[in-house]
Amino acid sequence: MSQNHDLRGRIAGQSAMAAVIEAQAGRAPRGRLARTFGISPLTDAGKAHYRGAVGELLVGSILDQLGHSWDVLHGVPLGLSSLDHFAVGRAGVFAVVVVNCQGDEVAVNGDELIVAKSVKASILDARSVAAIVSDSLSDAFDNRIAVTPVLVLVEPTKVITLQAPDDVRVLTSMQLEQWLLAAPAVLTGEDVANISGAAESNDTWPQPQQSARKARNLTRVFVRIHHDVRSATVRRFLWVVAALIVTILSVWTLVSILASVVVG
1 MSQNHDLRGR IAGQSAMAAV IEAQAGRAPR GRLARTFGIS PLTDAGKAHY RGAVGELLVG
61 SILDQLGHSW DVLHGVPLGL SSLDHFAVGR AGVFAVVVVN CQGDEVAVNG DELIVAKSVK
121 ASILDARSVA AIVSDSLSDA FDNRIAVTPV LVLVEPTKVI TLQAPDDVRV LTSMQLEQWL
181 LAAPAVLTGE DVANISGAAE SNDTWPQPQQ SARKARNLTR VFVRIHHDVR SATVRRFLWV
241 VAALIVTILS VWTLVSILAS VVVG
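If you're matching positions, the sequence shown starts at 1 in full-length UniProt numbering and goes up one per residue.
Some hints could be false.
Below, simulated BS3-like cross-link-like pairs (lysine-lysine); rule was C-alpha separation at most 27 angstroms, straight line [as the list claims (entries may be wrong)]:
{"id": "1", "residue 1": "117", "residue 2": "47"}
{"id": "2", "residue 1": "158", "residue 2": "120"}
{"id": "3", "residue 1": "47", "residue 2": "158"}
{"id": "4", "residue 1": "120", "residue 2": "47"}
{"id": "5", "residue 1": "117", "residue 2": "158"}
Label pairs and their calculated CB-CB ranges [unchecked claim]:
{"id": "6", "residue 1": "144", "residue 2": "221", "range": "20 to 28 angstroms"}
{"id": "7", "residue 1": "259", "residue 2": "155", "range": "43 to 51 angstroms"}
{"id": "8", "residue 1": "182", "residue 2": "160", "range": "17 to 25 angstroms"}
{"id": "9", "residue 1": "47", "residue 2": "139", "range": "55 to 63 angstroms"}
{"id": "10", "residue 1": "40", "residue 2": "203", "range": "23 to 31 angstroms"}
{"id": "11", "residue 1": "161", "residue 2": "47", "range": "22 to 30 angstroms"}
{"id": "12", "residue 1": "252", "residue 2": "161", "range": "42 to 50 angstroms"}
{"id": "13", "residue 1": "80", "residue 2": "116", "range": "38 to 46 angstroms"}
{"id": "14", "residue 1": "227", "residue 2": "31", "range": "25 to 33 angstroms"}
{"id": "15", "residue 1": "155", "residue 2": "203", "range": "32 to 40 angstroms"}
{"id": "16", "residue 1": "160", "residue 2": "40", "range": "42 to 50 angstroms"}
{"id": "17", "residue 1": "182", "residue 2": "116", "range": "16 to 24 angstroms"}
Hints were generated in silico from the structure; no laboratory data involved. Cβ coordinates follow ideal geometry from the N, Cα and C atoms, glycine included.
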C-alpha cells in the first residue's frame, strides 16, 4: 500500500483553517476605528469555519496526547467530505466528529443534536462518516473492521440527554480523554499497527484529497487571524467594562445630586 505522507502530515483543523483563510482572502483590512472598537476581523462566511477550526484544534490536541499506544490522524479524506479525527488504539477504532458548542446549552434527543435551540444533523453525520471509515478499512483488509462514531461537544455550558443515540457516543471535550483511556482493549498491538498502516495509505480512502497549502504556511496565516480575533474580543470586552463603569459612576453621581437636593 502506498503511504500518504500528505495525510500523515495533516494537522488538526486543517480543512477548517483553510476555509477560514479562503473566506478572509477578499476582505479589506479593518480601518483604525474598527480596530479601536474591536470590530471582528471575520467575514460572515469565516465565522462558522473559525469556530469549527478552534474546536478541532482543541480536540486534536487532546487526541495527540493519548500516548504511544494510540495513532491519530486528522482531516481524513472521505471524498467530498472529511473526517475531523481518526483514532485507533487497543480500545478500537474511532471516527471523531467535533461540534464547537462554547457558550451554548446542548440537548441530545436520539439522532437530534440541539445547540442553542437550533437542531443540527451532527449525530447523523458522525454515524455516516464512521460507516464510510468502516467500509474503507474493511475493503482494505477484506475483513469487517468495526468503527465507533464519537461526537465531541467542545465546552458546552450544559448538556441534557433526553434520549441517547443508539450507536453514536456523545461526549464533551472534557470527557473524551478519560473515556478513551478507560475503554477496554478489543484489539491487539499488531491489529493497531496494521489498521494504522492502512489508515495512512492512499489506497484506503475514497478520492483522497490533497492539501492545498503546506501545514506550516496554513498555521502561520491562521495564527495571525486568530490573534486579530482575540485582540478584537479583548477590546470589545474592555469597552463593555468601560461603559459599565461610566454607567455606575453616572448613576452614583445622579443619586448623590438627588440626595443633596432632598436634604437641602
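Could you work out which of the previously given hints the structure breaks and list their numbers from low to high? 6, 9, 10, 13, 14, 16, 17
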